[in-house]
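K.L.:
For the record, the sequence lines run as chains P and H. Residue numbers for the first sequence follow the working numbering, so the first one is 1 and each next one is one higher. Residue numbers for the second sequence follow the working numbering, so the first one is 1001 and each next one is one higher.
Keep in mind that the hints were calculated from the coordinates and are not lab data. All values derive from a computational prediction rather than experimental measurement. Certain hints may be false.
[Said to hold, decoys possible] Heads up, simulated BS3-like pairs for lysine-lysine below, C-alpha to C-alpha not over 25 Å straight-line: (1) LYS124(P) - LYS48(P); (2) LYS378(P) - LYS1059(H); (3) LYS155(P) - LYS383(P); (4) LYS184(P) - LYS124(P); (5) LYS48(P) - LYS89(P); (6) LYS1116(H) - LYS260(P); (7) LYS1059(H) - LYS298(P); (8) LYS260(P) - LYS1059(H); (9) LYS62(P) - LYS294(P); (10) LYS260(P) - LYS242(P); (11) LYS48(P) - LYS260(P); (12) LYS294(P) - LYS378(P).
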Amino acid sequence: MIPKQSRRAGVALALAASLAAPLAWADINVGVVLSATGPAASLGIPEKNTIELLPTAIAGQKVNWIVLDDGSDTTKAVTNARKLIAEDKVDVIVGSTITPASLAMIDVAAEAGVPMISMAASAKIVDPANPKTKWIFKTPQNDSLMADAIVASMKANGVKTVGYIGFADAYGDGWLGEMQRSTKAAGIEIVATEKYNRTDSSVTGQVLKLVAAKPDAILIGAAGTPGATPQKELVARGYKGKIYQTHGVANPDFLRVVGKDGDGTLLPVGPMLVYEQLPDTNPLKKTGHDYVSKYEEKFGTRSTFGGHAWDAYQLLAQAIPAALKAGQPGTAAFRTGLRDALEKDDVAGAHGVFVMSPGNHNGLDERARVMVRIQDGKWVVVK
Amino acid sequence: MDAQIAALLAQDGFTNGAIYALLALALVLVFAVTRVIFVPSGELVSYGTLTLAALDAGKTPGMVKLLVGAAVLATVIEVVSTLRRREARRLLPRVLLWGGVPLAIAALVTWAAPLKPPLFAQVLLTLAAVGALGPLLYRIVYQPIADASVLVLLIVSVALHLVLAGLGLYFFGAEGSRTPAFASAQLAVGSMTFSAQSLFVVATSALAIVVLYVLFNRTLYGKALRATAVNRIGARLVGIAPDFAGTVTFTLAALLCAFCGVLIGPITTVYYDSGFLISLKGFVGAIIGGLVSYPLAAAGALFVGLIEAFASFYASAFKEVIVFTLIIPVLLWRSLTSHHHEEDE
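Next up, chain P with everything else stripped away, as it sits in the complex (with noise of 0.2 Å):
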């Protein structure tokens, strides 16, 4: 008996100690959720390699990266959340990778005052109308201004009609959505709208009823490879007009499964995909390369996707010293001074420059897009 009682005095000594020693200059703890498996993978793994990259320590201050993969999966997402806010203490969680998944964890962060920074696309997951997106920010750019970007576009290429293939899914009704508003405003007739999954093994059916339309332009709306399934069966159709697909598909996989059928297509792209070819008065150019030069040494070519990552630590990165101020690690003083910081950030990172407030917790504008035109397997800025 006596040994054990003397152990277990031994294990609430050391235990006492473990957490007096961190309480008088506590680490900062960062959940990340990400979907580095299932159907979101391609977006998911430059994520977790570009938050590999992130230094340990911010303002002084040692920082833990908690990562855990949701495998595209709502529910797991959650449960994730969860666990990172209860078990690990984290005091803010960067995630998820897609908007359903986003959407549901906005309630576990705002439930336990725990700011949330999403990767994910939808303008909903920081709807200004819903009170809990208080502790919400999000780094990628909203699809309403990359659906400006295409129907100005558009406009400038003289179309009038339009007709629009997406995703059977969120992200494909969202940017059906977000057309339906822009054309409507610049006078553009939308004649066709055609869905098809993304592993759809034919979309014939579909681009036939598309290209009997006869519109002046297509949109394909789809995210990575699947992208390429409806345009080249455009082109094996004999399509003549424009084909714009959305900023999705900017990835070098896109450009190797569409090969020569994917010339001529125009898309919006965040700019720290052709930063070398921006004017050097852009501020961005200077901060898409810091990115892309440490991700490419380490992880080969560059993904849009693992740039968001980059930007929700260049976010932390100017809010934690406002955030040491209000109070130490692992407290509510923290997260609660760290959230009213984020929202005062005024940072480049490598989409754009995020210009945050309360009513705007995505802050990107027009800077943080750049219309390019696929050419030989590159992307061209268009002038």
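Based on these hints, arrange chain H on the given structure of chain P.
P.N.:
Below, chain H alone, put in the same frame as chain P:
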């Protein structure tokens, strides 16, 4: 819709239907002989396409690691069971069969990959590499539980499907690939155009079906498999080893799946996880055939392909819903018309 669009849709439907038909045949074959619902067939389709794509890019396909791992595991299992049965003199041939052959294929693929052999040789390498997985998976996963109930076998199949899908992500990455077309010409017949690729797919699928037919009706091995499918115990009594039948069946099924992957690669972008949906459509075809009839299964799969093509034209948002709703009236019809017999377990 005019006649030309209808013809194009029908052509598209037949092309995909032919691929689903091959898968339906593989599923019926495996179920008939071993009572396994072969859920992982979809993964083998993806592996087929992605292995060919890797070879085409001059890279060693990641699944070679799985081949090596599975070969080592199967050899260990064989050695242990052989020694337990005190059949030491059979040890060497078994080690050569279970370890030597797959490892030789793995070595050949690894050696040939950077040399960028012609497309035809790449296809043969792909078929050998993915086809070799079939018997190995059977030896490791299914043979030890060959007498379990259909439900247990199904659950194991689902587990194997998840394992192979996860490994697929690890081996091939999250992004999809396409393989080069076997034929890019367009043939004009009157006002209709046929793509040579579609004709190639339909012709090779038909050829594969004929080969299977000959195999099952004209050869001793084929007849042995059919005998096992009709009556397992009876087949055993006349000297057909069920393990042997299972091994041959899984080899054939894996080859068929890999071949589907090779055929579908030039038509669409294939991801590590897209095989599942493709095999589900083959499964709908197989269900139409009641999981026993080869001609009905093939016809059902062609029907699924056609429905899919026309559904994608008329109501693209509901395409999958339409295809999979199809299974309900078929199941109703089958359960009303066919005699229900309890499985003896």
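K.L.:
Would you mind confirming whether the straight-line C-alpha gap from LYS1059(H) to LYS298(P) stays at or under 25 Å?
P.N.:
OK: LYS1059(H) and LYS298(P) at ~20 Å, within 25 Å.
K.L.:
Mind checking the alpha carbons of LYS1116(H) and LYS260(P) for me, to see if they're no more than 25 Å apart?
P.N.:
Judged against 25 Å, a Cα distance of about 21 Å means the pair holds.
K.L.:
Does LYS89(P) sit within 25 Å of LYS48(P), going by the straight-line distance between their CA atoms?
P.N.:
Status holds; Cα separation ~21 Å.
K.L.:
Is LYS48(P) within 25 Å of LYS260(P), Cα to Cα?
P.N.:
Given that 25 Å is the threshold and the Cα spacing comes to 31 Å, the pair is violated.
K.L.:
Taken at face value, is the distance from the CA of LYS48(P) to the CA of LYS124(P) at most 25 Å?
P.N.:
Within the cut-off at roughly 24 Å; holds.
K.L.:
Is the Cα-Cα distance between LYS294(P) and LYS378(P) 25 Å or less?
P.N.:
21 Å, holds
K.L.:
When you check the alpha-carbon spacing of LYS184(P) and LYS124(P), does it fall within 25 Å?
P.N.:
Distance ~21 Å between LYS184(P) and LYS124(P) Cα, so the pair holds.
K.L.:
Are the Cα atoms of LYS155(P) and LYS383(P) separated by 25 Å or less?
P.N.:
15 Å, holds
K.L.:
Has the given pair, LYS260(P) with LYS242(P), been kept, meaning a C-alpha gap of at most 25 Å?
P.N.:
Judged against 25 Å, a Cα distance of about 15 Å means the pair holds.
K.L.:
Below or equal to 25 Å on CA atoms is what counts here, so check LYS378(P) against LYS1059(H).
P.N.:
Cα-Cα ~23 Å, so holds.
K.L.:
Starting from LYS62(P), check that the Cα of LYS294(P) is at most 25 Å away, please.
P.N.:
Holds: LYS62(P) and LYS294(P) sit about 21 Å apart, inside 25 Å.
K.L.:
Is the Cα-Cα distance between LYS260(P) and LYS1059(H) 25 Å or less?
P.N.:
22 Å, holds
In the structure shown, a violation is registered for the earlier hint numbered 11 alone.
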